[in-house]
Structures are given as structure tokens and as C-alpha cells.
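Asks: Here's the letter readout for the chains.
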Amino acid sequence: MVSSFCWSCLTRLPTASPRAMLPPTLTAQRVAAFHTSGTLLASPLKKKANPQSSGPGYRSKQGVKLKKKKHVERARPPPVGERRALRKRIVLSNPNALEVADMQDISADNMVDSRLRGTILGLPVPMLDQLRAVQAFKPKQGWSIFRRPGTVTRRETLELGRLIDGISDKPEDKGKVVKRIITGPKGTGKTVHLLQAMSMAFTKEWVVVTVPECQDLVLANTSYAPLSDENPHLYVQNQAIAALLSRTVTANKNVLYKLKVSREHSALKSPVKPGTTLEDLANLGIQDPATAWPVFQALWTELTATSPASGFEKDFTPRPPMLVAVDGLAHWMKDTKYRSAKFEFIHAHDLVFVQHFLSLLQPGKNQQSALPNGGLLLYATSASNNPSVYSLDVALQRVAARQEGVDPSSPDYPAPVAYSNPDQRVLAALDSPKSSIPTEGTLELQKISGVSREEARGLMEYFARSGLLRQQITEEWVNEKWTLAGGGVIGELEKLGRRLTVSA
Amino acid sequence: MVFILGVNFPERNLVKKSLESFFGIGHLTSSRLLARFHIHPTCKVGELGNKQVLDITAALSDMRIENDLRRQILDNIKRLKETGTYRGRRHALGLPVRGQNTRSQIKNATKFNRIERRI
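Chains W and V are the protein sequences, given in the same order. Per this note's numbering, the very first residue in the first sequence carries number 1; after that it's consecutive. Per this note's numbering, the very first residue in the second sequence carries number 1001; after that it's consecutive.
No lab work stands behind these hints, which were simulated from the structure alone. A hint or two may mislead.
What the hints assert, rightly or not - Each pair of labels, with its calculated beta carbon distance range:
#1 V/LYS1081 / W/LYS69: 31 to 41 Å
#2 W/LYS88 / V/ALA1058: 37 to 47 Å
#3 W/GLU205 / V/GLY1006: 52 to 62 Å
As the list claims (entries may be wrong) - Some but not every residue of chain W turned toward chain V, in silico, with C-beta under 8 Å:
#4 ALA220
#5 ASN221
#6 SER223
#7 TYR224
#8 ALA225
#9 PRO226
#10 SER228
#11 TYR338
#12 ARG339
#13 SER340
#14 ALA341
#15 PHE343
Note that CB positions come from ideal geometry on N, CA and C, so glycine has one too.
Same shape as in the complex, but just chain V (with noise of 0.2 Å):
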């Protein structure tokens, strides 16, 4: 098992998986990533050095991902309703934020558009 930032991950998994694994990091991020510390992308976590985990965890401890991501996302919601934005009131009201049609079809955006959003 190896620790990166704080999550435990068995030694088989793939390091490129492992990285998708947190919330805001998808293909691009991780092949990023992997290609900065120089790892192949058919890594597995076990065949990590021990500098490459430390340089991947200090990468990713300067990013913003996981809560910090997700507390950006909620504020950028809040600060539209505040400030009395269209949006933000669409958003308040669980309806289409971008100018879609309401006549049917809004299921997405009752469930999700909340100010309060859960991510």
C-alpha cells in the first residue's frame, strides 16, 4: 500500500487510475502529471520510487482538488446569487441556468441546480 496525499492505494493499481481517482483530476491532468515526474503510463503504484510519491504528492497538494474544488464550485454559485445574477437565480430555482428550453426535458437540472449544490 502506498500513501498518496493521504489516500491509501493498494500496489497494484495503476499510478494514471490512482490519480483519476481524486475529484478534478481526469485523462489529461494525470497523463500531465505522469509525464512531469517522468512515469510510464502503464505504472503501477508499487513500482513507484519513493521520490516520485513524494513529487507526486507535492504536485497535487499545490493543486486544487478534492474539497478545495469542491468548495470553489459551491462559492461560485453563491457568488451568483448574491450578486443577483440570472444564473444564480436559476440556479436557486432549479431550472435551466444556460437558456435551454423548459417545456420539457429539465430533469438534470431540477436535480441538480441547487444553491446547495451536492458534488
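Looking at chain W on its own, in the form it has when it is part of the complex (with noise of 0.2 Å):
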């Protein structure tokens, strides 16, 4: 133990208290005069502790506070289906744009020219009905920045113009079929493709079946059933084929109602009677949605008939080629949201609507092409909407290898992954042989990118005339536009186009 002496001094006595030997100035200072409390010394800022405001003690019954609610005052919603129409809203004209004074309209004389090759061709004010009816024009695409839609003349729409052409009016393409998978990058103008392709059909007066956005069938958004009791795992959805109807029968009421059935259709509750025109039949499913996918398979039928049933020769016309233009393909490769009765996912290849879509890029029974009277299917994949199918992707890859000449028993074509445990069904879907009638094509993969230097030019020249673009167009100006566009992609070309440019 330390003592409290200083053992190298013995100058203090032990004798002395500790408080003494302090100097007495320092002493002074520490008590303050009159107060021998400790209130002075405690600290202001320390606040005494309630016993009671520390919640309740220990097993004490306390009932729960419960703040009462504020009623607040919400405004209203807007009503149903406001926000959704905003979302869906289409502008197809912008009046502060400029006119552009000599611009063209597509018909059926400009498709073929190839002179036109990198202008933009319009397209015709009637059509615009027709166009937005099939669903043509997709909200973020930008047709409201210009005084009236129009698209560019590439080499992809000049060669389908040309097939357009070929198929309506050359008799030695007369029942051809052209089946396509249009797949590319993003931006670089797969849905444009379709609507030029709807467009010249149009001015062709073919009949144009349209699937706008594959996406929709497949999320649980609509209406399903079991189409009947032989067939527990197919599903049919009325409402969705409703609508299909609709936007057949509005886009093409000029050519169908031309058109009278041509046989008996015992599917249908009511028999038809014999000079119903084909725009009547449509009308049926789309009144009653109940009904709406016997009633299509009529009208594909009789779209599809070459020649009249005994007793139906008196009215019969020749049908018009087809076209029927899908985007979204993707969508249609995977399971759905839909569940079955067992609460297992079903496949879309289960849904009849996708079935009867894809069965189409199979080679055609019964010694008839899929489409008798000639036409083209054009299937798009969409690259900013795209779930990922792996199996979607080898089959795409199958397709391209069997275009270029690959035997599909060569080790050269293209297999899954081991162990990727790839979906049958999808490539299935997609292994097209080749058909056995002369004027069936078999399915080909077009790539589609960005467009060449001329026609980037064209289109910049366009954005120049319509007031957007306020800057000289000389070449290098339309290169170093095409680079940065990384090789022309379109929608790309649009964003710099658009693009608010201040000259000093």
C-alpha cells in the first residue's frame, strides 16, 4: 500500500489534516460562500428521471395507445380507364412541324421503286384508321414529333415491297408464302418493318390479321378457359380472340365485307346462312365473346378457302393474299402466367390463340400451303420487351444455319447446351422442313440493323425539313451521325435528330 506521506521528505507531521496543508486561495474557490446544497454544482442540461414516464413497469397492465386516425380528404380517382388511355395515347401529327412540301404517300406504284430508296414515303391519311385500328403505331415510338407519320424507304422495305407487290399481282408468285422471323437490335426498326408491311397490304388490298403485342396474351390479363372437355390442357381466350376479331374486322371492313361465306360451319351454334358476308361473321364473336373462337376459325377458313362448298358456288369471290404480322415472339416461348386447374403454370403453346399463330410457320396440311391464297407471315422479336428464352435463342440460331444450307444432321447446326435442359416444344415450334407444295417458303430468320450512310442522310434531311434539325447536312455531318447511331441504328438517328441544337 502506497502511503500518503512523502517519504523522501519528513517535513510533514502526521498529525496534519490534508485539507490544511491545501493553499488556502484554492480552497476558497471550490465553496462558494453561503450554499453547502450540491444544486450548483448538478448540471442544467441533466434532467431528472420520471419513474413513471418509462413505460409501464413489469407485467403492469397498460391497455395500447392507439393514435386515432386522421380522416384525410383524397382527391377522387380518375375514372376507369383515364390513366391507361393516357399511357396508350397515340399522336400521329405534331402542327408546330413543318410540312414537308414534296413528300410522296406510299401506294402501289412507289413500293417497287427503288429510285425512292432513302426518301420518306407518307403514309396515306384513310390508312391511318386502318393502321391504328390493327395497332399498328406503338406509343413510344416518335410519329408526334413530325406534321404527319411517315417512314424511310430501306432496302429491307423496298425487297418486302417488291414481295408485296409479287404475290398480289405477278401470276408466277400468285399462292406464294413467305415466312419470316424479323429479329435485330434494339432501335433498329423491327415494329416500323411490320407497319410498312401492313401499309403496302393495305394499298394491296390484302387482309391484314395483326397480334400487336404478344406480351398481352401470356400475363393472366384476360379471360381464359378449357376450350372443351376432350381437350382439358388447351385453353382458349375469348376475349382476347374478341378483340382479335375487332381489329381484323375494322382494319379490313372494305375487303371483307366483299366477301360471303363460301361453306357450312357446324362449329357455330346458329347456322350461317348462304351470302353472309365475312365481315357479319366476324361480328358474331364479337358480340358474343362466347362464341368468338369457333367464329374465328370460321373466318380463317374462309379466308383461307380456294374454291366454294356445293351450294355456295354463286356468291364465291377469290380471297386476297394474307399478311399476319406478330411482335413480341418472345413472349410466346415460355410458360405463362395463366395457371391451370392443378395450379401449375401453363404453357403458352397451350393457349390455342399462340398455337394457331405458331402453327402457321409449320408446313401446311392436307396438300395446301398455311396460306392457299398466298401472303406472308411475319414474325418479330422485340429487343426492349424480351424475356430471355434460351431455348428460343438456339432455335433462332437452327433456323439461320438451316437459311444458309446446314443439313440439320451435320455437327454444324447449331445444339443446346448440354445440360441447358432446352424447352422441346419451342424448338419444335420453330423446326420448319422444308414444305412440300412448291409455293410454300420455308421460314427464314431476316436480320435487321441500321441503315446505310444514304438513307441515314435521307432521314436527317427529313428531320431538317420538318423544322426539328436546324444545322447544315453535309456528309461528314451525316457520318459522324451514322457512327454515333453506332452503325445506323434508327432509333438511335431519331434520338440525335431530335435533339434540340443551338447553333452559335
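Please dock the two separately framed chains into a single complex, following the hints provided.
Replies: As C-alpha cells, then:
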């Protein structure tokens, strides 16, 4: 133990108290004159703890304190469908943009004219209603910045124009069926390519059937039901089919009202009288969606009919070629959000609607091609709204390989990676062998990429003439923008063209 | 307005939400019910066919929901008490039943654990 003494100096007496040892001034500072309590020494910040406010004690009864909710007056929600209408609104005209003086409309004559490559062809105003009906325009496309809608005539467009012209008018191409899957990077104009095909088909008075968004059929947003008791694993979407019929009728009214039924349709509830137009036939399904699927089948049989049944010869007119355009194909290659009665997800190929359109890619049955009156099947994939389906990637590689002449038995033929467990139904759906019918083409893959520099220049000049771009369009400037746009990706070119540029 | 199991639902309501308003039906049960009768998840009550409404009502009346389920839960607690189990005693005392500490934080137990539990 340490002693309080300092052993080095023994001057301190053991009787002296420590207080007496301190210097007197120090003691005076510490002790206030009249105060003996410690109140002054206590910190003013420290509050006295209240034993009552520290919550209930151990197992003491205390009710739950519930704050009364204040009733907040909320604004009324917008009427049903208003927000959706705003989201899906398509504006096709901008009165502030300049009118481009000598812009031609697309017509039967100029859709095959290769001199027009790189120019903008307008869509005729009467056709806009038809194109709107088949939902050819998408809300995110930049139609609203120009005076009136128009599309670039690019190499693929002219090729498409020649194809459509040939199938309609040339006797050697009569009844020809071309089946294509359109792929390409984002913003390269796959959907607009479909739109161009539709506009050409409308000018040639074809029948246009479209599925503007494949995803709508698999999101479980429309009603579904088993097809019949015999086929419990096939499902029919009556509302979606009624909507398809409605689109088809509205867009193709001036073709369908001229065509009359050519046979009995036993699947329909009430027998169709001879002399009924196809428009009236389709309207049956629109009015009563419960019968939409049999009506659609009947309409399809009528549109693909090559000759009338006996007793119906009087009213028969040859059927026009057909264009079938489907956008966003990848959504049809996987499980849907629908559930079966056993609570399992339903595969998209089990929906009759999807099955019908995918079966067209296969060679036709009964010595008839998929579209006996000729026509075009254009199935586009999407790059912006694209579920990743490995089996589809492999299937598309296979289509491309077959197109290049690779034999399916050869080792170069693309095969899925081991243990990747690909969906065999997807592979089978796009595995279409060569048809025995000479007019029916095999399934092709068309890859759309950027436009050429000349086409880019045409597009940029169109921007300038619409008053959107205040810039001298020179070769050098176009080349720069073409490169900036990833080699003429048209969606990127549009972004560059509409960007506000202020010249110094 | 559509009657499902004696309850009147406005037509604009979702079928799924309407089913979940019954005591004893949650997300999974309602999804399974919808799948069983081929009703899509965004279906409104007004879009149901007559047969579907009857089917749902029939299926619901076979299930133990609402008061039946409440009674079953109360009976289970009562049975525990009557057989003199530890769990029954804890229910009666208003204490945690499943071995939790009781030093603090047993507000919910004191609130809920009763013989005549309010459900």
C-alpha cells in the first residue's frame, strides 16, 4: 500500500490534515460562501428521471395506446380507363412541325420504286384509321414530332414491297407464302418494318391480321377457359380472340364486306346463311365473346378457302392474300402467368390462340400451304421487352443455319448446350422442314440492322425539312451521326435528330 | 352486386381481394381457388359468369372458414386448458405459450392469450 507520506521529506507531520496542507486560495474558490447544497454543482442539462414516464412496469396492465387516425380527404381517383388511355395514347401529328412539301404517300406504284430508297414515304391519311385499328403504332415511337407520319424507305422496305407486289399481281408468284422471323438489335426498326408491311398490304387490299403485343396474351390479364371437355389441357382466351376479330374487322372492312361465306360452319351455334358477308360472320364473335374461337376458326377457313363448297358457288369470290404480323414473339416461348386447375403454370403453346399462329410457321397440311391464297407471315421479336428464352435463341440459330444450307444432321447444326434443358416444344415450333408445296417457302430469319449512310442522310434531311434540326446536312455531319448511332441504328438516329441543337 | 357465400360484393372489386376478405383465406388459398375455376387473377367480380359464382360459393361452403374456423381455434385452446397442458395454462394466464422469455416484451401475449380469445 502506498502511504500518503512522502518518504523523501519527512517534514510533514502525521497529525496535519490534508485540507490544511492546501493553499488557502484554492479552497476558497471551490466552496461557495453560503451554499452547502450540491444544486449548483449539478449539471443544468441533466433532467430528473421520472419513474412514471418510462413505460409500464413489469407485467403492469396498460392498454395499447392507439392514435386516432385522422380522416384525410383524398382527391377522387381518375375515372376508370383514363390513365390507361393516356398511357396508350398515340399522337400522329404535330401542327408545330413544318409540312414537308414534296413528300409522297405510299402507293401501289412507288412501293417498288428503288429510286425512292432513302426517302420518306408518308402514310396516306385514310389508311391511318386502319393502321390504328391493327395497333401498328406504338406509344413510345416518335410519330408525334412530325407533321404527319411517314417511314424511311430502306433496302428491306423495297425488298418487302417487291415481295408484296409480286404475290398480289405477278402470276408466277400467285399463292406464294413467305414466312419470316424478324430479329435485330434494339431500335433498328423491326416494329416499323411490320408497319410498313401492313401499309403495303392495305394498299394492295390484302387481309391483315395482327397480334400487336404477344405479351398481352400470356400475362393472365384476359379471361381463359379450357377449350372443351375432350381437350382439358388446351385453353381458349375468348376476350382476346374477340379483340383480334374486332381489330381484323375494323381494319379490313372494305375487303371483308365483299366476301361471302363459302361453306357450312357446323361448329357455330346458329347456322350461317349463304350470302352472309365475312364481316357479319366476324361480328358474331365480337358480339358474343363466348363463341369467339369457333367464329375465328370459321373466318380463318373462309379466308384460306380456295374453292366454294357445293351450293355456295354463286357468291364465291377469290380470297385475297393475307398478311399475318406478330410482334414480341419471345413471350410465346415460355410458361404463361395463367394457372391450370392443378395450379401449375400453363405453357404458352397450350393456348389455342398462340398455337394457331405458331402452327402457321409449319408447312401446311392436306396438300395446302399455310396460307393457300398466298401471303406473308412476319413474326418479329422485340429487343426492349424481351424475356430471355434460351430455347428460342437456339431455335433461331437453327433457323439461320438451315437458311444457310446447313443440314440438320451435320455437326455444324447449332445444338443446345449440354444440361441446359431446352424447351423441346419451342425447338419443335420453329423447326419447320421444307414444305412439299412449291409455293410455300420455308421459315427464314431476317436480321434487321442499321440503315445505310444514304438512308441515314435521307432521314436527317427529313428532320431538317420538318424544322426539327437546324443544321447544314453535310456528308461529314451525317457520317458522324451515323457512327454515333451505332452504325445507323434508326432509333438512335431519331434521338440525335430530335435533340435540340442551337447553332452559335 | 354479386353474392358470394352470402356476402354482397360490388362488381368493380377484384375476385381475388373479395375472396381474401373471408377469414381463413389468404393469398395462396385464393390463388388456388381462382386457378381451380380458371379465373384470371385480374378478374373483377362483375366479370364472373353465373356458373363460376356458384362454383366458388360451393367450394367456399365446403371449406372451414369464417366462424367455423374461429370456433375451431377457440376449441383448440379450450381443449388444451381442459386437458391441463402447459400450453393451456399459459393461455389462461395470459402469458407467452411457446417458451418465450417473460422478462419484458410480452405485450402481445397479455393482449391475445386468453381462454376466450377474441378473433
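Asks: Please go over all the hints and tell whether each is borne out by the structure.
Replies: Results for each hint:
1. V/LYS1081 / W/LYS69: 31 to 41 Å: holds, 36 Å
2. W/LYS88 / V/ALA1058: 37 to 47 Å: The hinted range 37 to 47 Å holds for W/LYS88 and V/ALA1058, with Cβ atoms some 39 Å apart.
3. W/GLU205 / V/GLY1006: 52 to 62 Å: About 58 Å separates the Cβ atoms of W/GLU205 and V/GLY1006, which means 52 to 62 Å holds.
4. ALA220: holds, 5 Å
5. ASN221: holds, 5 Å
6. SER223: holds, 6 Å
7. TYR224: Hint on W/TYR224: holds, closest Cβ of chain V at ~6 Å, below 8 Å.
8. ALA225: holds, 5 Å
9. PRO226: Hint holds; W/PRO226 Cβ to chain V Cβ min 7 Å, cut 8 Å.
10. SER228: violated, 13 Å
11. TYR338: holds, 7 Å
12. ARG339: Constraint on W/ARG339 satisfied, holds at 4 Å.
13. SER340: holds, 7 Å
14. ALA341: Where the cut-off is 8 Å and the nearest Cβ of chain V is about 5 Å from W/ALA341, the hint holds.
15. PHE343: holds, 5 Å
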